[in-house]
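All chains should be built: construct the whole structure from the sequences, respecting the hints.
4 protein chains.
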Amino acid sequence: MDVATLFEQMPFAQHVGIEMREATDGRAAGYIELEDEHASAPGNGVAHGGVAYTLADTVGGAAVISRARKPTPTIDMRIDYLAPGDGDRLEATAELVRYGSSVAVVDVTVTDGEETQIAEARGVYKTGGGDGANAWQDADSQLPGE
Amino acid sequence: MDVATLFEQMPFAQHVGIEMREATDGRAAGYIELEDEHASAPGNGVAHGGVAYTLADTVGGAAVISRARKPTPTIDMRIDYLAPGDGDRLEATAELVRYGSSVAVVDVTVTDGEETQIAEARGVYKTGGGDGANAWQDADSQLPGE
Amino acid sequence: MDVATLFEQMPFAQHVGIEMREATDGRAAGYIELEDEHASAPGNGVAHGGVAYTLADTVGGAAVISRARKPTPTIDMRIDYLAPGDGDRLEATAELVRYGSSVAVVDVTVTDGEETQIAEARGVYKTGGGDGANAWQDADSQLPGE
Amino acid sequence: MDVATLFEQMPFAQHVGIEMREATDGRAAGYIELEDEHASAPGNGVAHGGVAYTLADTVGGAAVISRARKPTPTIDMRIDYLAPGDGDRLEATAELVRYGSSVAVVDVTVTDGEETQIAEARGVYKTGGGDGANAWQDADSQLPGE
Numbered sequence: 116m117d118v119a120t121l122f123e124q125m126p127f128a129q130h131v132g133i134e135m136r137e138a139t140d141g142r143a144a145g146y147i148e149l150e151d152e153h154a155s156a157p158g159n160g161v162a163h164g165g166v167a168y169t170l171a172d173t174v175g176g177a178a179v180i181s182r183a184r185k186p187t188p189t190i191d192m193r194i195d196y197l198a199p200g201d202g203d204r205l206e207a208t209a210e211l212v213r214y215g216s217s218v219a220v221v222d223v224t225v226t227d228g229e230e231t232q233i234a235e236a237r238g239v240y241k242t243g244g245g246d247g248a249n250a251w252q253d254a255d256s257q258l259p260g261e
Numbered sequence: 116m117d118v119a120t121l122f123e124q125m126p127f128a129q130h131v132g133i134e135m136r137e138a139t140d141g142r143a144a145g146y147i148e149l150e151d152e153h154a155s156a157p158g159n160g161v162a163h164g165g166v167a168y169t170l171a172d173t174v175g176g177a178a179v180i181s182r183a184r185k186p187t188p189t190i191d192m193r194i195d196y197l198a199p200g201d202g203d204r205l206e207a208t209a210e211l212v213r214y215g216s217s218v219a220v221v222d223v224t225v226t227d228g229e230e231t232q233i234a235e236a237r238g239v240y241k242t243g244g245g246d247g248a249n250a251w252q253d254a255d256s257q258l259p260g261e
Numbered sequence: 116m117d118v119a120t121l122f123e124q125m126p127f128a129q130h131v132g133i134e135m136r137e138a139t140d141g142r143a144a145g146y147i148e149l150e151d152e153h154a155s156a157p158g159n160g161v162a163h164g165g166v167a168y169t170l171a172d173t174v175g176g177a178a179v180i181s182r183a184r185k186p187t188p189t190i191d192m193r194i195d196y197l198a199p200g201d202g203d204r205l206e207a208t209a210e211l212v213r214y215g216s217s218v219a220v221v222d223v224t225v226t227d228g229e230e231t232q233i234a235e236a237r238g239v240y241k242t243g244g245g246d247g248a249n250a251w252q253d254a255d256s257q258l259p260g261e
Numbered sequence: 116m117d118v119a120t121l122f123e124q125m126p127f128a129q130h131v132g133i134e135m136r137e138a139t140d141g142r143a144a145g146y147i148e149l150e151d152e153h154a155s156a157p158g159n160g161v162a163h164g165g166v167a168y169t170l171a172d173t174v175g176g177a178a179v180i181s182r183a184r185k186p187t188p189t190i191d192m193r194i195d196y197l198a199p200g201d202g203d204r205l206e207a208t209a210e211l212v213r214y215g216s217s218v219a220v221v222d223v224t225v226t227d228g229e230e231t232q233i234a235e236a237r238g239v240y241k242t243g244g245g246d247g248a249n250a251w252q253d254a255d256s257q258l259p260g261e
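Chains as they are written, first to last, in my numbering: chain A, 116 to 261; chain B, 116 to 261; chain C, 116 to 261; chain D, 116 to 261.
Worth flagging that the hints you see were computed from the coordinates, not collected in a lab.
Since the model is a prediction, treat every value here as computed from it, not as a measurement.
Using N, Cα and C, we set each Cβ at its ideal position, and we do this for glycine too.
Please note: incorrect hints may appear among the correct ones.
To be verified - Short derived list, chain D residues pointing at chain B, Cβ under 8 angstroms: (1) Arg193; (2) Asp195; (3) Leu197; (4) Val212; (5) Arg213; (6) Val220; (7) Glu235; (8) Arg237.
Claimed, not checked - Label pairs and their computed distance ranges (CB to CB): (9) D/Asp140 - C/Glu150: 27 to 37 angstroms; (10) B/Gln129 - A/Thr231: 20 to 30 angstroms; (11) C/Arg136 - A/Glu152: 47 to 57 angstroms; (12) B/Leu121 - A/Thr231: 21 to 31 angstroms; (13) A/Thr231 - B/Thr139: 31 to 41 angstroms; (14) C/Asp117 - B/Glu148: 57 to 67 angstroms; (15) A/Lys185 - B/Glu229: 24 to 34 angstroms; (16) A/Glu152 - B/Thr231: 23 to 33 angstroms; (17) A/Lys185 - B/Leu121: 37 to 47 angstroms; (18) C/Gln124 - B/Glu230: 50 to 60 angstroms; (19) C/Asp203 - B/Glu152: 46 to 56 angstroms.
Stated by the list, open to error - Short, incomplete list of chain D residues facing chain C, as computed with Cβ under 10 angstroms: (20) Ala128; (21) Glu152; (22) Ala154; (23) Ser155; (24) Ala156; (25) Val161; (26) His163; (27) Gly164; (28) Leu170; (29) Pro188; (30) Met192; (31) Pro199.
This is the structure:
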């Protein structure tokens, strides 16, 4: 199964309506057709901030996994909103800006599919450490004093 | 209508299953009962990062609006993931750390409803400028050269 | 006095050795010649993270002020480090990605002056509210309960 | 040599005037006595944003190294400014919120040494991968296509 298909089968990505275009060689792209359920207020036609974020995190993760070929949990992500998402869709493209043995850094741009930039996000994903379905469950969880 | 009810009626908050507990005096709290649709992979029982983010952004916004009493769009938010969200629910509490005439800063903590901290988020929300259903549509959009 | 000169006269910018190239129409550029005093360990020849940040915050602020023509305090900034700053200099270019009546968003790229990207930063600066030498001193400081 | 002493001997920390109080068991504290050289404009008595950031990054790094016992480069840091640093000093305390085999997450609070909170920062530091004076120089630097 290719990475794009894998991401479309994520239950929450399906629930939010994410369609993946591609995820290869450290780049990925996907989109959401905006429906009433994505709105931030009844009938206002503006997507909730969580829609653009979920798209950015998903497409960003796909870019990393296309390179890492194993689960790469998000460590942190920052999103800056630049314009309201009030068009017919949100489109996102993600690109690796650094790929390391411990972490990868990804830039994601979200547009309305036309000329308007809706948001920019930058995320750090874990590339080292644990394997398996949940990469957090390695020798990773101890805090000072534990 | 009180602020907590207003936020529960957001279409995307409903779609994701957010329940608000309170939103008063610059503090807010809410939660999501985790279901299969929130998972990051089929049957893995771990919430997608967009679930915790959408909860954090929503509860954070409710904390600001409980003080501002008008729409306060998110300018930016950063989320740091600290543990997998693999329990029965995600709970979030938000608190204003700065409230100004232009922007407000909010800290949000997301837990599993028991002892495990799942994520921490910090967001900046717009408190000044435009009014109405979409506060971005003020004299705000010009970029250099436009 | 032009904006670039104004920023070179900032005491801390002088202390860190920032030289401004330009600051006009929402764009700015500057650099630091790296010396022993910028190192993160004695003799290691790698600039401390605070050097790249101080350059990014300063050049970013200059980009905003070149448009705003009044003090624009930094609200928040995130910096991602991509490679060690172990060359002869750090160079930064800043560009406005959004300019609004309340806040502006700026992207800053820091390189070694040649081909290596050292860091990327994104900052939010205040463009609305108070005037005067310290724009924080407006009606901005009240917190819930005050 | 203890970690606090090690950090005081960082050339850039000395240049900026950082004094370390402690760095043990995943916690660290330090301060800067504010002088004219730290100002953001001649004679305004307000510290440049780079001063609080450099203190936060340094004290945050000390908290991580007190646990890791090897170099731990900063991967990213976000700082939110809450009030102008216009007092006699800046004080910072850092605490680990997550310590893993790949990365650690640290929260830093910066105050004026009295009751006013000046800034909050959150940083991610690398704990896995390369050793030696510069932990970036491991198998870490390849980008897609290289």
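Query raised in the report: For the hint on D/Val220, does the least C-beta distance to chain B fall short of 8 angstroms?
Result: holds, 5 angstroms
Report task. So, D/His163 near chain C? Judge it on the closest CB pair being under 10 angstroms. Result -> holds, 4 angstroms
Query raised in the report: Can the hint on D/Leu197 be confirmed by a CB-to-CB distance to chain B that is less than 8 angstroms?
Result: holds, 5 angstroms
Report task. Could you check the hint for me, namely that C/Asp117 and B/Glu148 are 57 to 67 angstroms apart, CB to CB? Result -> Holds: the Cβ-Cβ distance is about 58 angstroms, inside 57 to 67 angstroms.
**Report entry** Distance restraint hint 46 to 56 angstroms, applied to the beta-carbon atoms of C/Asp203 and B/Glu152
**Finding:** holds, 54 angstroms
Query - Hint validity - D/Ala154 Cβ closer than 10 angstroms to any chain C Cβ - result: holds, 4 angstroms
Query raised in the report: Holds or violated: is there a CB of chain B closer than 8 angstroms to the CB of D/Asp195?
Result: The hint holds - D/Asp195 has a Cβ within 8 angstroms of chain B, the shortest such distance being about 5 angstroms.
**Report entry** Per-residue hint verdict: D/Ala128, partner chain C, C-beta under 10 angstroms
**Finding:** Because about 7 angstroms separates D/Ala128 from the closest Cβ in chain C, which is inside the 10 angstroms limit, the hint holds.
Query raised in the report: So the hint says 37 to 47 angstroms: do the beta-carbon atoms of A/Lys185 and B/Leu121 match that?
Result: Since the Cβ atoms of A/Lys185 and B/Leu121 sit about 42 angstroms apart, the hinted range of 37 to 47 angstroms holds.
Query raised in the report: Holds or violated: D/Ser155 as interface residue toward chain C, Cβ cutoff 10 angstroms?
Result: Check passed: Cβ of D/Ser155 comes within 6 angstroms of chain C, closer than 10 angstroms.
Query - Supplied contact hint for D/Val161, tested at 10 angstroms Cβ to chain C - result: holds, 6 angstroms
Query - Interface restraint verdict for D/Met192 against chain C (beta-carbon cut-off 10 angstroms) - result: Holds, because the Cβ-Cβ distance from D/Met192 to chain C comes to roughly 6 angstroms (cut-off 10 angstroms).
This entry satisfies every hint, going by the numbered hints stated previously.
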